[in-house]
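Q: The chain contents come next:
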Amino acid sequence: MPLERSEVERIASLARIGLTEEEIEMVGDQLSHILEQFEVLNELDTSGVTPTGHASGLQTVMREDTAEDSLDHEDVLKNAPRREGEFFRVNAVLEE
Amino acid sequence: MPELNWLSIQEAHDQLASKQISSVELTQSCLDRIDAVEDQVQSFLTITPEIALAQAEVADRMLAAGEGGPLTGIPVQIKDVMCTEGVPTTCASRMLENFVPVYNATVVEKLINQGAVMLGKGNMDEFAMGSSCENSAFHPTHNPWDLERVPGGSSGGAAASVASGETIFALGSDTGGSVRQPASLCGVVGLKPTYGLVSRYGLIAFASSLDQIGPVGRSVQDCALVLNTIAGHDPRDATSVARDQQDYTATLGQDIKGMRLGVPEEYFVDGMEPGTRKAIDEALAKLEYLGAIIKPVSLPTTRYALACYYIIAPSECSANLARYDGVKYGYSYQDTSDMWEALEKTREYGFGPEVTRRVMLGTYALSSGYYDAYYLKAQKARTLIRQDFDRVFQEVDALVTPTSPVTAFKIGEKTGDPVQMYLIDVCTLPVNIAGLPGLSVPCGFSDGLPVGMQLIGPNFSEGILLRTAHAYEAATEWSSARPTL
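Quick note, the sequences are listed as chains A and B, same order. Quick note: the first sequence uses our numbering, first residue 1, plus one each step. Quick note: the second sequence uses our numbering, first residue 97, plus one each step.
No wet-lab data here; the hints were simulated from the structure. Hints are not guaranteed to be accurate.
[As the list claims (entries may be wrong)] Pairs of lysine to aspartate or glutamate residues, derived as DMTMM-like cross-links and limited to a Cα-Cα distance of at most 20 Å, are as follows:
#1 B/K115 / B/E99
#2 A/K78 / B/E193
#3 B/K510 / A/E84
#4 B/K391 / B/E491
#5 B/K506 / B/E369
#6 B/K424 / A/D72
#7 B/K424 / A/E84
#8 B/K510 / B/D330
#9 B/K424 / A/E74
#10 A/K78 / B/D366
#11 B/K424 / B/E193
#12 B/K510 / B/D343
#13 A/K78 / B/D330
#14 B/K391 / B/E361
#15 B/K424 / B/E437
#16 B/K206 / B/D340
#17 B/K424 / A/D75
#18 B/K391 / B/D377
#19 B/K424 / A/E86
#20 B/K353 / B/E369
#21 B/K510 / B/D340
#22 B/K206 / B/D330
#23 B/K510 / A/D29
#24 B/K391 / B/E450
#25 B/K424 / B/E444
#26 B/K506 / B/D135
#27 B/K510 / B/D377
Quick caveat, the model's predicted, so the values are computed rather than measured.
Bound-form chain A, shown alone:
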């Protein structure tokens, strides 16, 4: 079942990715084709099967709560696209 255009726009908006008109069309077609490949999973009886999140079997790993050096402040800001003094500068989040 091909994805509706509105559905593609909804996903793009959730993913916060801008798409051009042609991209909406193309990505929609491609995603539909990929989603068709997933239908094979419907054959698989997974009732009562425990999901696997990852393969290592490790659960929440704890360590001693000891203070350690972290990255230098200047280093943290080194790759900032915009900074102001000791801070990352961002566009206004709250409207006036």
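Mind docking chain B on chain A? Use the hints.
A: Just chain B, lined up with the frame of chain A:
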């Protein structure tokens, strides 16, 4: 000076330790080779000759003092997905084109501490998403065996640089086959260790339940030596497993008499090239001749692995790549004061088509109303795929399959159809889903292009895989073949 750039790690180490050669000479030999062939191969995104020669001098001092280890003074290419302090780390993406890490990945730190020499950063598919290196935002890499063909991916730079003699070894990363498949297509050895064996601290995340760093080398022994250095628990990576250190070279040279090797019929897929099939059949005959017991086995859930992978990996990718917001680092669209517009434009311009596709796919699979049908279903399928492997490993010590159903294809041949590209990884994806170790070793040629054999074993069975591959390699000539450039 003979061609030092073609030495194995052990040969180079012996000559360095006995002062027959210096690391500066060895490094210069690789840099000369890069000068000579890089125009054709294009396996690097950044070449760092000054750093390499400075590190080589440090290594020579370590060697003179009788310090260091097997990798001291040995040149390496690092895939551009691993953070290198002060050296751009782009993930082959416009998003990180100008990103310069302020710390080293644990694996990089381990190599540097031992005195290895970084030649530069390896090309890859953007954010490690792809099977041909064509998704690099900067340039494709060419297969040294046929420059019109792809080297595989996503660690295409790693495999091409090793195969063309530009470096002694390389580090790649493997989320669904990204070390093994390019190794196969370029005729070199690639190892994807067990999930948790090698620290991912400083590895830029793609799909966190699948990603693993692994070595690419011209021989099994080279990969074992590199694994000795990079394996081990790291408190900075909560998924790394605490285990006793192991010497992965210890089993090399042991015979494989009585080794039970399973051949899962499901991996001999429709669309598999006849030349690949023939090479694998001959390799199986050779393994049997060497004393292994070849046993047909069945892994019925294999047919679900592709769908399972292409739900799980993009889902995790969409979450991991949410961090690229143009605020803390990376590309940032600045021509607006609107926060949401800036975010959408940053991601529109920063991400290439495959990354956009996977972020969209993952966002869809995780979105309200679809989570159970896709993500949860895939995680349950994952359990069944693992159980399938657990069951066959009751009967056999390891599995033998083709690494890739096809040899290197032409650049541009498969870029139009994402699903065709995804199918190339059909033999390698299940290994990541189950977290197992997998290794690709050259096993012949089909129409002049390398074919790779994949060995898969239970968790932490790297020793068995390396031993088996080493016995096979020693009984064949494939690993010594070199492309003409």
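Q: Hint by hint, which ones does this structure get wrong, listed from lowest number up?
A: 3, 8, 10, 12, 13, 20, 21, 24, 27
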